[in-house]
Amino acid sequence: AQKVTQAQTEISVVEKEDVTLDCVYETRDTTYYLFWYKQPPSGELVFLIRRNSFDEQNEISGRYSWNFQKSTSSFNFTITASQVVDSAVYFCALSEAGAGNNRKLIWGLGTSLAVNP
Amino acid sequence: EAGVAQSPRYKIIEKRQSVAFWCNPISGHATLYWYQQILGQGPKLLIQFQNNGVVDDSQLPKDRFSAERLKGVDSTLKIQPAKLEDSAVYLCASSLSLSYEQYFGPGTRLTVT
Chain W
203 AQKVTQAQTE
213 ISVVEKEDVT
223 LDCVYETRDT
233 TYYLFWYKQP
243 PSGELVFLIR
253 RNSFDEQNEI
263 SGRYSWNFQK
273 STSSFNFTIT
283 ASQVVDSAVY
293 FCALSEAGAG
303 NNRKLIWGLG
313 TSLAVNP
Chain P
160 EAGVAQSPRY
170 KIIEKRQSVA
180 FWCNPISGHA
190 TLYWYQQILG
200 QGPKLLIQFQ
210 NNGVVDDSQL
220 PKDRFSAERL
230 KGVDSTLKIQ
240 PAKLEDSAVY
250 LCASSLSLSY
260 EQYFGPGTRL
270 TVT
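From first to last, the protein sequence lines are chains W and P.
Position one of the first sequence corresponds to residue 203 (my numbering), numbered consecutively onward.
Position one of the second sequence corresponds to residue 160 (my numbering), numbered consecutively onward.
These are computed hints drawn from the structure, not numbers from a lab.
Cβ-Cβ distance ranges computed for the label pairs, FRET-style:
{"hint": "1", "chain 1": "W", "residue 1": "259", "chain 2": "P", "residue 2": "255", "range": "16 to 24 Å"}
{"hint": "2", "chain 1": "P", "residue 1": "222", "chain 2": "W", "residue 2": "216", "range": "47 to 55 Å"}
{"hint": "3", "chain 1": "P", "residue 1": "256", "chain 2": "W", "residue 2": "226", "range": "24 to 32 Å"}
Positions of the beta carbon are idealized from the N, C-alpha and C atoms, including for glycine.
Let the sequences and hints guide you as you build the complete structure.
Take a look at the structure:
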């Protein structure tokens, strides 16, 4: 069965600190996709990244970076030099590449990040 | 490029009334999703369309919820009759196809009193 675990329910940091949000997933498929979404206080879910299971290269986008490790089934998200605008709930999600229902997105419960000035 | 449009943004109804939400996905996106998000929780998939066919509606309470996607573009989600526990934000999302990243609309906040 597919499952996404975000063990950190809430994280609070001070501005300019680095912070890592953990994501651990379970799947029996060899081909799958991992995602991160951001939901700021305004409520609209924003897509951040999609990674397929064959691409273990780490990704960096500005202050955001993602570390994908198949050996530990983890897809962690790091924000460097955090800012108040990074305060949001961050969701990790998994989609298998099989047919039909397996392609629905399995969501983690989210990690609420508060960046304090 | 225009994003996912949803209306209304807010709706307040009494229990046992009916309500409908509308979604217009990003142009060219074959897959459309309706989610329910209760405060403090993650999104829960209600129904997923691929073009105008239903891919997954396993978590849709079919005794009161219905959805359609005519002509594979716009979609409507209806609740009839509403219950107090239906109070939530209803999110519409679209993607190029299955397993692609989903783009979300602003959501409709429903309050059932």
